[in-house]
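The sequence shown begins at 1 in our numbering and counts up by one.
Worth flagging that the hints you see were computed from the coordinates, not collected in a lab. Positions of the beta carbon are idealized from the N, C-alpha and C atoms, including for glycine. Since no wrong hints were added, every one of them can be taken at face value.
Pair by pair, the computed Cβ-Cβ distance ranges are: (1) Gln143 to Glu33: 54 to 60 Å; (2) Asn125 to Gly152: 17 to 23 Å; (3) Gly152 to Arg35: 29 to 35 Å.
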Amino acid sequence: MRAVHSVLIAAALAVALPASAQERIEDRLTAAEFRAAGLGKLSDAELARLNELLARDGAPAAVAAPAAPAADVEARIAQAREEGRREAQNDPRGVRTAESREPIESTLPGAFAGFARGREYTLSNGQVWKQIDGASIAGARGQDVGVRVRPGFMGVWWLQVDGYNTQAKVERVR
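Construct the complete structure from the given sequences, taking the supplied hints into account.
Structure (structure tokens):
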């Protein structure tokens, strides 16, 4: 499937851009255009092949666009969008989707000794949150305490422990 996408992209670029034997596609486009065209997803080998296709014979007409019905192209675009959504949801760098803005209720397994800036809290669901503010709870102690992590304004997250009104500003580590 990836090879088909590469050929379609190469064909589209061959028609849209003048080919030059010396120029690479990366040199002809701005970084934003390169990303918007989806070329950042290509492997080094695929990108090299694209450059070869564009430079072949020094003429853009050398790359013939495969005939594809409009419905087939639309289906492929929809499939690519869905694959992108799934990749973003599983992105380990913490890309947050609309669904991930839901409040979380869990427990902190083990001993709880209060809040402290920089402290990491591992929830029983496996999520790890790090405190980024100076909130504290004097004399707080507990074992397997319940917690709520809720979204706030402008991407901020708040962690609150059952039985205390104080909240700590946190960010997700993993």
